[in-house]
Amino acid sequence: MQNVITLTTDFGLSEYVAAMKGVILNINPDARIVDISHTISPQGIIEGAYVLYSTASYFPRAVHVGVVDPGVGTERIGLVLECENCYLVGPDNGLLIPCAIKMGLKRAFRISDQKYLLKEVTDTFHGRDIFAPVAAHISKGVSISEIGEEIEEYVELHLKHHVKHDDMLEGNIIFVDRFGNMITSLDKEIISECFDFGSLLKIELVNKDNRIKKEMNFLKSYGFGEKGELITTISSSGFFEIAVNQGSAKDTLGAKQGDLIRIKI
Amino acid sequence: MQNVITLTTDFGLSEYVAAMKGVILNINPDARIVDISHTISPQGIIEGAYVLYSTASYFPRAVHVGVVDPGVGTERIGLVLECENCYLVGPDNGLLIPCAIKMGLKRAFRISDQKYLLKEVTDTFHGRDIFAPVAAHISKGVSISEIGEEIEEYVELHLKHHVKHDDMLEGNIIFVDRFGNMITSLDKEIISECFDFGSLLKIELVNKDNRIKKEMNFLKSYGFGEKGELITTISSSGFFEIAVNQGSAKDTLGAKQGDLIRIKI
Amino acid sequence: MQNVITLTTDFGLSEYVAAMKGVILNINPDARIVDISHTISPQGIIEGAYVLYSTASYFPRAVHVGVVDPGVGTERIGLVLECENCYLVGPDNGLLIPCAIKMGLKRAFRISDQKYLLKEVTDTFHGRDIFAPVAAHISKGVSISEIGEEIEEYVELHLKHHVKHDDMLEGNIIFVDRFGNMITSLDKEIISECFDFGSLLKIELVNKDNRIKKEMNFLKSYGFGEKGELITTISSSGFFEIAVNQGSAKDTLGAKQGDLIRIKI
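First to last, the protein sequences are chains Y, R and F. No gaps in the numbering here: position 230 of the first sequence is 247 in this note's numbering, and each next residue is one more. No gaps in the numbering here: position 181 of the second sequence is 198 in this note's numbering, and each next residue is one more. No gaps in the numbering here: position 265 of the third sequence is 282 in this note's numbering, and each next residue is one more.
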């Protein structure tokens with residue numbers, strides 16, 4: 018049994034999400050629907066992938082639906098991914114992949130059987146017409162081999178990545194959270210290889226409009242910084258992160274998702 | 018049984034909504050409460066009506082509560098509407114009507130029996146004090162003829178409307194969604210009577226500050242437009258809509274809810 | 018049984034909240050989780066305290082979790098408060114206290130037994146690692162004396178306060194709601210001692226940048242004001258409040274949380 022169904026979208030907590038919930042409850046009245054996030058930036062696949070990746074593991078057995086879907090209405094296929102302790106349902110654009118791999122991806126399926134979809138499938142809203150009903154049927158125990166055929170290839174996406182130069186470690190800002198904390202693509206393994214807690218890091222943030230250079234302490238937690246101090250730490254999901262103790266790194270730096278980050282080694 | 022209760026308000030996802038949920042769970046601990054939207058613009062009756070109209074039909078048997086209520090604390094009455102497969106509860110200001118008619122309105126009642134309300138009814142918050150408890154009692158099976166008396170008249174509201182001139186079709190922007198898509202009052206019947214997919218439409222948007230003239234393709238789905246192209250399509254609920262593929266029509270045009278739209282025939 | 022667990026945080030309705038829900042459902046699959054608010058201003062302890070205070074009493078027996086926690090990762094302790102009809106779980110920074118006292122505080126406990134927490138407790142996210150699992154265990158019936166030891170002292174916080182001078186009543190703006198209504202620290206008792214409904218009040222709002230003087234009617238409800246009129250009233254929770262009928266007092270006055278309010282007697 019996996020009556021828990023989670024939803025991660027870029028729809029805002031709006032009527033679009035509600036229509037998906039209605040569709041789910043129509044098929045599985047016992048579904049326990051949990052919103053993961055609906056505040057993903059419009060069409061922010063990397064953001065959505067990060068959110069699913071960092072959250073799904075806290076859930077019991079569940080069907081996780083992700084809908085950040087710039088390609089809706091085109092040829093891109095719909096996926097169901099079977100993992101150790103969950104299913105993932107959504108578009109084939111990389112959104113589900115980092116989470117699936119973390120959760121023990123076993124098999125990937127392409128959604129193909131029309132009878133598990135809404136009767137009328139629009140070109141604009143597959144979250145409601147395809148992914149919600151498929152998730153609801155899976156949560157009721159329908160086998161995914163009935164819903165589609167197994168596939169070997171899908172669009173890949175990697176959240177954690179870095180380039181290590183002789184004198185510099187390079188990555189990207191992949192997510193800016195509600196508090197203005199900036200999550201980078203640098204993972205705690207490469208960071209702890211290069212730096213110790215307590216070090217003063219020389220950091221550069223670069224985008225097409227700006228180049229910011231700052232020194233920041235690398236601390237075990239926000240709480241060890243002075244109030245208002247720009248610091249770096251390891252996020253609760255294992256990513257290197259720039260933060261301001263009791264403040265917003267985003268507001269302080271004016272940096273944003275996608276910016277390049279360089280740390281002098 | 019209709020244990021599903023949905024909520025549509027202009028309260029934000031805030032403590033106001035939570036108080037309504039607490040009241041509902043106090044009366045019916047088995048209620049399954051689903052948020053439709055709480056991001057209706059403050060006092061946006063047409064917006065709220067559109068959201069209820071476009072969403073309720075996806076739900077199983079349910080009690081839908083709508084609270085967008087500029088007249089709270091005045092003489093306006095509270096309604097319960099009995100439809101084919103749902104009940105609607107909220108103020109008598111038109112908010113519930115388009116949805117009720119779509120859902121097969123059978124009878125309308127004026128809420129009058131005090132014993133189904135909170136003991137203390139404030140002048141400022143009927144969502145919590147009147148509509149939430151009434152919905153919870155209905156979801157438990159209390160007959161609506163116990164809750165109030167049947168009425169024949171209520172405030173009307175029509176979402177779909179147009180004026181067809183010799184050379185021009187005229188309507189309004191009734192809703193701007195999370196993606197900046199602009200939903201108009203023009204329905205797919207009148208549009209398909211006048212235009213074919215693939216046509217280039219000459220569109221004018223007018224409000225007291227602005228007059229915007231643009232040519233836009235009329236396409237089957239966003240996905241068929243170029244990235245960033247301003248296009249028109251039919252929304253998933255059957256309304257004519259202006260959109261930007263992978264972008265925001267609202268930001269591109271600077272138009273907003275209430276604006277007049279004119280399309281050259 | 019208290020299967021209802023509510024959440025009040027400054028996390029936004031984001032993946033942080035979802036992780037807490039996942040943790041809760043992992044421990045108690047029957048938990049009914051209700052969001053009270055996640056739009057508390059970052060680190061807004063007074064705002065969060067007001068929201069809990071004004072909302073919890075509408076719920077049936079429940080465990081209320083509050084996480085507005087600037088001191089996370091430092092020495093501040095975690096609390097469980099046992100009240101007449103609920104439990105409160107969160108940081109020891111005053112957040113839970115006004116609500117606990119209103120709800121009949123019986124005993125306070127310091128969270129200390131590690132076995133009711135997540136296995137890995139981070140320094141940045143006690144909402145997920147400590148407060149969510151503790152709440153879930155309490156909702157399953159674990160005795161709080163197993164979770165921690167009773168304490169006599171905790172950080173205090175008072176929402177309702179005023180200074181009465183010979184010619185003036187003084188307080189603060191403690192909360193600005195979704196509609197721009199401004200809730201003050203002045204309670205209905207002191208207000209009704211000094212003023213009658215129908216009076217014209219001379220009000221001054223003061224912060225470091227601004228000093229605003231206005232005359233406002235004191236009315237029984239928004240609805241009795243003219244459209245757009247700046248008025249004062251008693252909020253549904255018993256606080257003196259500045260509002261604009263069908264508009265935003267916040268936008269009209271440019272005042273904000275923390276501002277001093279003075280009313281001429």
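Careful: at least some of the hints might be erroneous.
Dumping the calculated PhoX-like pairs for lysine-lysine here, alpha-carbon to alpha-carbon at most 20 Å [as the list claims (entries may be wrong)]:
hint: 1; chain 1: F; residue 1: Lys-244; chain 2: F; residue 2: Lys-205
hint: 2; chain 1: F; residue 1: Lys-177; chain 2: F; residue 2: Lys-244
hint: 3; chain 1: R; residue 1: Lys-225; chain 2: R; residue 2: Lys-237
hint: 4; chain 1: Y; residue 1: Lys-136; chain 2: R; residue 2: Lys-205
hint: 5; chain 1: F; residue 1: Lys-205; chain 2: F; residue 2: Lys-181
hint: 6; chain 1: Y; residue 1: Lys-231; chain 2: Y; residue 2: Lys-281
hint: 7; chain 1: Y; residue 1: Lys-225; chain 2: Y; residue 2: Lys-273
hint: 8; chain 1: Y; residue 1: Lys-237; chain 2: Y; residue 2: Lys-273
hint: 9; chain 1: R; residue 1: Lys-136; chain 2: F; residue 2: Lys-119
hint: 10; chain 1: Y; residue 1: Lys-237; chain 2: F; residue 2: Lys-181
hint: 11; chain 1: R; residue 1: Lys-119; chain 2: Y; residue 2: Lys-136
hint: 12; chain 1: R; residue 1: Lys-273; chain 2: R; residue 2: Lys-219
hint: 13; chain 1: Y; residue 1: Lys-119; chain 2: Y; residue 2: Lys-132
hint: 14; chain 1: R; residue 1: Lys-181; chain 2: R; residue 2: Lys-119
hint: 15; chain 1: Y; residue 1: Lys-225; chain 2: Y; residue 2: Lys-205
hint: 16; chain 1: Y; residue 1: Lys-119; chain 2: F; residue 2: Lys-136
hint: 17; chain 1: Y; residue 1: Lys-136; chain 2: R; residue 2: Lys-237
hint: 18; chain 1: R; residue 1: Lys-225; chain 2: R; residue 2: Lys-157
hint: 19; chain 1: Y; residue 1: Lys-181; chain 2: Y; residue 2: Lys-136
hint: 20; chain 1: R; residue 1: Lys-136; chain 2: F; residue 2: Lys-237
hint: 21; chain 1: F; residue 1: Lys-205; chain 2: F; residue 2: Lys-219
Hints in this document: simulated from the structure, not taken from any laboratory. Note that this is a predicted model, so its numbers are computed, not measured.
Results for each hint:
1. At roughly 24 Å between alpha-carbon atoms, F:Lys-244 and F:Lys-205 are farther apart than 20 Å, so this suggested pair is violated.
2. The hinted pair formed by F:Lys-177 and F:Lys-244 fails the criterion: a straight-line CA distance of about 29 Å is larger than 20 Å.
3. Straight-line distance between C-alpha atoms of R:Lys-225 and R:Lys-237 comes to about 31 Å, which puts the hinted pair past the 20 Å bound.
4. Of the supplied pair hints, the one linking Y:Lys-136 and R:Lys-205 holds, its CA atoms being roughly 19 Å apart against a limit of 20 Å.
5. Between the alpha carbons of F:Lys-205 and F:Lys-181 the distance comes to roughly 14 Å, so the proposed pair stays at or under 20 Å and holds.
6. A hinted pair counts as satisfied when its Cα atoms are at most 20 Å apart, and Y:Lys-231 with Y:Lys-281 qualifies at roughly 11 Å.
7. Between Y:Lys-225 and Y:Lys-273 the CA atoms are separated by roughly 11 Å; this keeps the pair inside 20 Å, and the hint holds.
8. For the hint linking Y:Lys-237 to Y:Lys-273, the alpha-carbon distance of about 23 Å lies beyond 20 Å, and the restraint is violated.
9. Taking the CA atoms of R:Lys-136 and F:Lys-119, the gap is about 19 Å. The hint holds against a cut of 20 Å.
10. With a CA separation close to 47 Å, the supplied pair Y:Lys-237 and F:Lys-181 exceeds the 20 Å bound.
11. Proposed proximity of R:Lys-119 and Y:Lys-136 is supported: the alpha carbons are some 19 Å apart, at most 20 Å.
12. Distance hint between R:Lys-273 and R:Lys-219 is fulfilled; the C-alpha atoms sit about 18 Å from each other, no more than 20 Å.
13. Under the criterion of a C-alpha separation no larger than 20 Å, the hint pairing Y:Lys-119 with Y:Lys-132 is inconsistent with the structure, at around 31 Å.
14. Note on R:Lys-181 and R:Lys-119: the hinted pairing is violated, with a Cα-Cα distance of about 24 Å set against a maximum of 20 Å.
15. The suggested pairing of Y:Lys-225 with Y:Lys-205 is violated, with an alpha-carbon distance near 27 Å, which exceeds 20 Å.
16. For the proposed pair Y:Lys-119 and F:Lys-136, the alpha carbon gap of about 19 Å is at most 20 Å, so the pair holds.
17. At most 20 Å may separate the alpha-carbon atoms for a hinted pair to count; Y:Lys-136 and R:Lys-237 meet this at roughly 18 Å.
18. Pair hint R:Lys-225 plus R:Lys-157 does not hold up; C-alpha atoms about 49 Å apart against a cutoff of 20 Å.
19. With a C-alpha separation of about 51 Å, the suggested pair Y:Lys-181 and Y:Lys-136 falls outside the 20 Å cut-off, and the hint is violated.
20. Of the supplied pair hints, the one linking R:Lys-136 and F:Lys-237 holds, its CA atoms being roughly 18 Å apart against a limit of 20 Å.
21. As the CA atoms of F:Lys-205 and F:Lys-219 are separated by approximately 17 Å, the hinted pair is consistent with the 20 Å bound.
In summary, the structure is inconsistent with hints 1, 2, 3, 8, 10, 13, 14, 15, 18, 19 from the numbered list given earlier, while agreeing with the others.
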